[in-house]
Amino acid sequence: ILFFFIFYTSSGLIAGGKLFESVFNLPYHWAVIAGTVAILIYTTLGGFLAVSWTDLFQGLLMSLALVITALYALDMSGGWQATQSAMTLHNIALTDLFVTLDNQTLSNIGIISLLGWGLGYFGQPHILTRFMAIRSQSMIPNARNIALVWTAVSLSCALLIGFSGIALAEINLIGADSEKVFIEIVQLLFHPVPAGICLAAILAAIMSTADSQLLVASTAFTEDLYQALLKREVSQTRLIAIGRVMVVCIALLACFMALHQEETVLGMVAYAWAGFGAAFGPVLLLCLFWKKLTLRGAIGGIITGASTVILWHQLDGGIFTLYELVPAFFLSAIVCITLSLSKS
Numbered sequence: 001i002l003f004f005f006i007f008y009t010s011s012g013l014i015a016g017g018k019l020f021e022s023v024f025n026l027p028y029h030w031a032v033i034a035g036t037v038a039i040l041i042y043t044t045l046g047g048f049l050a051v052s053w054t055d056l057f058q059g060l061l062m063s064l065a066l067v068i069t070a071l072y073a074l075d076m077s078g079g080w081q082a083t084q085s086a087m088t089l090h091n092i093a094l095t096d097l098f099v100t101l102d103n104q105t106l107s108n109i110g111i112i113s114l115l116g117w118g119l120g121y122f123g124q125p126h127i128l129t130r131f132m133a134i135r136s137q138s139m140i141p142n143a144r145n146i147a148l149v150w151t152a153v154s155l156s157c158a159l160l161i162g163f164s165g166i167a168l169a170e171i172n173l174i175g176a177d178s179e180k181v182f183i184e185i186v187q188l189l190f191h192p193v194p195a196g197i198c199l200a201a202i203l204a205a206i207m208s209t210a211d212s213q214l215l216v217a218s219t220a221f222t223e224d225l226y227q228a229l230l231k232r233e234v235s236q237t238r239l240i241a242i243g244r245v246m247v248v249c250i251a252l253l254a255c256f257m258a259l260h261q262e263e264t265v266l267g268m269v270a271y272a273w274a275g276f277g278a279a280f281g282p283v284l285l286l287c288l289f290w291k292k293l294t295l296r297g298a299i300g301g302i303i304t305g306a307s308t309v310i311l312w313h314q315l316d317g318g319i320f321t322l323y324e325l326v327p328a329f330f331l332s333a334i335v336c337i338t339l340s341l342s343k344s
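First residue of the sequence shown: 1, per this note's numbering; consecutive thereafter.
Treat the hints loosely; a few may be bogus.
What the hints assert, rightly or not - Label-pair distances were calculated between CB atoms; the ranges are: (1) ASN142 - VAL248: 18 to 24 Å; (2) VAL245 - ARG296: 29 to 35 Å; (3) ARG130 - ALA241: 36 to 42 Å.
Stated by the list, open to error - In the SDA-like style, the derived pairs of lysine to any residue whose C-alpha atoms are separated by at most 20 Å in a straight line are: (4) LYS292 - ILE310; (5) LYS292 - SER307; (6) LYS180 - MET76; (7) LYS180 - GLU21; (8) LYS292 - PHE330; (9) LYS291 - GLY267; (10) LYS291 - ILE337; (11) LYS180 - TYR72; (12) LYS180 - LEU203; (13) LYS292 - VAL265; (14) LYS18 - PHE330; (15) LYS18 - LYS291; (16) LYS180 - TRP30; (17) LYS18 - ILE303; (18) LYS180 - TYR28.
Worth flagging that the hints you see were computed from the coordinates, not collected in a lab.
For each residue, glycine too, the CB sits at the ideal point set by N, CA and C.
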C-alpha cells in the first residue's frame with residue numbers, strides 16, 4: 001500500500017515539474033526538487049491542520065480558475081457550436097476523446113473502464129480522512145453536498161477547457177501535449193497577471209493532493225504499523241517525530257521516482273487510484289453495510305485488491321485492457337465475503 005502512496009505523490013511532483021518547465025523554462029529536475037521542498041516544509045511543520053486549511057484555499061483557487069478559464073475560452077472559441085465544428089474539422093469526434101488507459105478508442109471495455117473510475121472514490125485515504133476528521137456527524141450531509149458540487153463544477157469546466165483547446169490552439173487531446181492544454185489556453189488568452197493566478201491553480205491542485213498523500217501515509221505508518229507492532233503506549237511527541245520522518249522519507253522516494261519517471265501524470269494517477277480503490281473500497285463498504293465482515297476477510301480483501309491491481313497492470317491485450325480497478329475491486333469484495341463466511 002505504501003507503494004501506491006509513493007506513486008500518487010510522485011504523479012503530483014511530475015505535474016509540478018511540467019508546469020515550471022513550460023512556464024518558466026526551468027529545468028524539469030530542478031522544478032521537481034523545488035516542489036518537493038515546498039510541500040515538505042508546510043506538511044512537516046503544520047501537520048493535518050495546515051494541510052486542511054491549505055487544501056481549502058487551494059480548492060477555491062482551483063475552482064475559480066477553472067470556471068473563469070472555461071467560460072472565457074468557450075466564448076473566445078465562438079461558443080459550443082464553433083468548438084464542435086473545430087473538432088470535426090480536425091477529425092476529432094467527441095467519442096474519440098474518451099479513451100481507455102492504453103489509448104485505444106472507445107469500446108465496451110473502454111466504457112466499463114471509464115465508469116470504473118467511480119469505484120475508486122470509496123477507498124481513497126486522502127479523501128476519507130477529511131470526512132473522518134469532521135467536527136460533527138451532523139455536518140457530513142453538507143460536506144457531501146459541497147464535495148459533489150465542487151467535483152461536478154471542476155470536472156465540467158475541465159472538459160470545456162479541453163474542448164476549447166482544439167478550437168483555439170489546435171491542441172491534440174489524444175497526443176503528448178494533452179496534459180498541457182490548460183497551460184496553453186491560459187497563456188494564450190490572459191494577461192500575464194491573471195494568467196499567473198490561473199497557473200497557480202495548477203500548483204494548488206498538485207500541492208493539495210501531494211501533501212494529503214504524505215500526511216495520510218505517515219499517519220498510517222505511525223498509528224497503524226509502528227504503534228501496533230510495539231503493542232504499548234507511545235507518547236504523542238514521539239509519534240509526531242516519527243510521522244515527520246516518514247513524511248520526509250516518502251517525499252524523497254516520490255521525488256526520486258518523479259525524476260526518473262517517463263509515464264504520463266494521468267497514467268500514474270490511474271494506477272495509484274486503482275490500488276487504493278481496490279484495496280480499501282470494498283472493505284470500507286462492507287464495514288458500513290455488512291455486519292458479518294471479519295478481520296480475516298478485511299485483510300484478505302486488502303491484499304487481494306492491491307495485488308490484483310499490480311498483476312493486472314503488467315498484462316496487456318484483450319480483456320487486460322480493462323482498467324485494473326474494475327476486476328480488482330470485485331475480486332477484493334468476493335474474497336472479503338468468502339473469508340468472512342468461511343469457518344476458521
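| message | For a quick check of understanding: which of the numbered hints are violated here, in increasing order? | response | As far as the earlier hints go, 1, 3, 4, 5, 9, 13, 14, 15, 17 are violated by this structure, in ascending order.
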